[in-house]
Amino acid sequence: MINQLDSQFLQVNSTDDLQEIINYALSHGIRGISFSPNATIKLNSSIIIDYTNITDTNGLLFEGNGSSIYCQANSQFCFVVKGKGTQYPQLVKNTTFRNFNFYTDSSARGGGISIINSSQTLIERCYFNGFWNAVDVRYSAELQIRNCGGEGNDVGVYTLHCRDSKFTDLHYWGGSHGLFLDGTLDVAWDGGACLNGITANIMSKYGIYLKGQYTPQLNNLVLETCDTGIQIESSQYGNINNAFLGPNTSYSIYSTNYSGGANNDFWILNNINGQTQMRLSKMNFSSFSDITLLSVSKSVTGGALTFDSCEDCNTTNISIKSFTTPHGILNTGSTYGLFNNISSFGTGNGMFVDIGNGSVVIDNLMVGQSNTNGLGVNGYGSPSLVKYTYYKPVSGVLTRFTNN
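Okay, so the sequence shown: first residue is 1 according to this note's numbering, each after it adds one.
Hints are not guaranteed to be accurate.
Simulated crosslink set (BS3-like; lysine-lysine; CA at most 27 Å straight-line) [to be verified]:
1) K205 with K321
2) K84 with K166
3) K166 with K205
4) K166 with K82
5) K166 with K93
6) K82 with K42
7) K93 with K82
Derived from the structure by calculation, the hints contain no laboratory data.
Given only the sequences and the hints, what does the whole structure look like? Please build it.
Shown next as structure tokens:
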């Protein structure tokens with residue numbers, strides 16, 4: 001039975017056939033579907049929202065009014081939104097999901113919302129519990145997810161080849177990944193993701209994973225008790241600002257490049273507080289400022305903060321406190337850069353530069369407590385030491401040069 005509230009909205013109750021109502025709305029030009037407050041809809045199969053043969057490019061608005069969607073279908077999504085074409089073209093606009101509680105049981109798992117080939121999709125004030133991918137969006141543009149969260153999902157949000165997306169005020173707890181943004185550094189389709197106000201706790205892998213992303217902007221993050229807070233892989237022109245990362249198991253931030261992938265060039269990292277080691281690899285032409293790492297443990301084999309083959313980097317106001325790693329700061333590979341206002345207090349070398357064929361300029365380095373050596377330099381570069389200040393005598397030599 002079709003219950004029409006007005007010319008623009010249909011009404012859904014717990015016992016209604018949701019697929020029938022959606023098909024009717026699409027074929028009759030209905031704008032939206034309103035769910036009865038606190039209703040529970042049990043799904044034995046995916047609900048398909050298929051815009052393939054719809055001439056109108058505007059999507060449906062789903063107003064949940066606090067209702068629950070319970071997925072009983074094994075390994076299926078609750079909602080599957082299909083745009084036109086197979087990849088990129090004729091994106092359907094303005095599909096909205098608002099005020100829903102999505103959940104499943106341990107046997108069904110499945111996913112929450114799947115979106116393919118769509119534009120200007122909005123998911124707002126929705127909560128996801130117990131899915132593989134809570135939200136899965138592919139080949140789409142101008143996605144917005146805001147004021148959402150979830151618990152026990154393998155991935156909170158997964159995107160593949162999505163551009164100009166915004167993720168605001170999200171909280172994911174207990175899973176593998178909070179947000180996984182996947183791509184191949186395609187400037188046209190893997191760019192422009194903005195993440196603001198993201199919290200991820202107790203993730204067995206990554207709080208945020210950026211792969212092949214162009215111009216990702218991350219602000220105001222709290223990523224705790226993850227294996228790695230932020231993984232950066234072959235992504236460029238990024239910005240991370242105001243982040244608390246830790247305590248995490250392996251890394252606060254880890255950057256690398258996948259096989260055949262680009263370097264992680266042109267990044268700005270600013271105002272970051274971490275409690276696990278940070279390894280920055282091949283982040284050329286980048287700027288790192290106001291970074292604090294506290295109590296990085298002796299289980300780390302390198303440095304509390306490691307720069308690996310970072311060329312033309314500018315590093316300012318770095319504070320490493322109470323580390324028990326071999327080095328407070330480790331520079332390795334072909335590293336070129338300026339290091340200004342560095343404080344490194346712990347039980348290993350304050351700073352060790354394994355320079356290779358690179359060159360660094362160090363200005364205002366403070367080391368102390370029970371460091372092995374203040375500064376160690378190994379290689380054929382030409383570091384220029386402008387100023388030293390020592391808080392306490394180090395147990396080794398102040399400056400040790402080898403193989404120069």
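These are the hints, each one checked on the structure:
For the hint pairing K205 with K321, the CA-to-CA distance comes to about 25 Å; that is within 27 Å, so the pair holds. Restraint check: the Cα-Cα separation between K84 and K166 comes to about 22 Å, which is no more than 27 Å; the hinted pair holds. For the suggested pair K166 and K205, the alpha carbons sit about 22 Å apart, so the restraint of at most 27 Å is met. A C-alpha spacing of about 20 Å is found between K166 and K82, which places the hinted pair at or below 27 Å, so the restraint holds.
For a cut-off of 27 Å, the pair hint linking K166 to K93 stands: about 15 Å separates their Cα positions. Restraint check: the Cα-Cα separation between K82 and K42 comes to about 21 Å, which is no more than 27 Å; the hinted pair holds. Distance restraint check for K93 and K82: the Cα-Cα separation of roughly 11 Å lies within the 27 Å cut-off, and the hinted pair is therefore satisfied.
Going down the numbered hints, you'll see the structure goes against none, and every one checks out.
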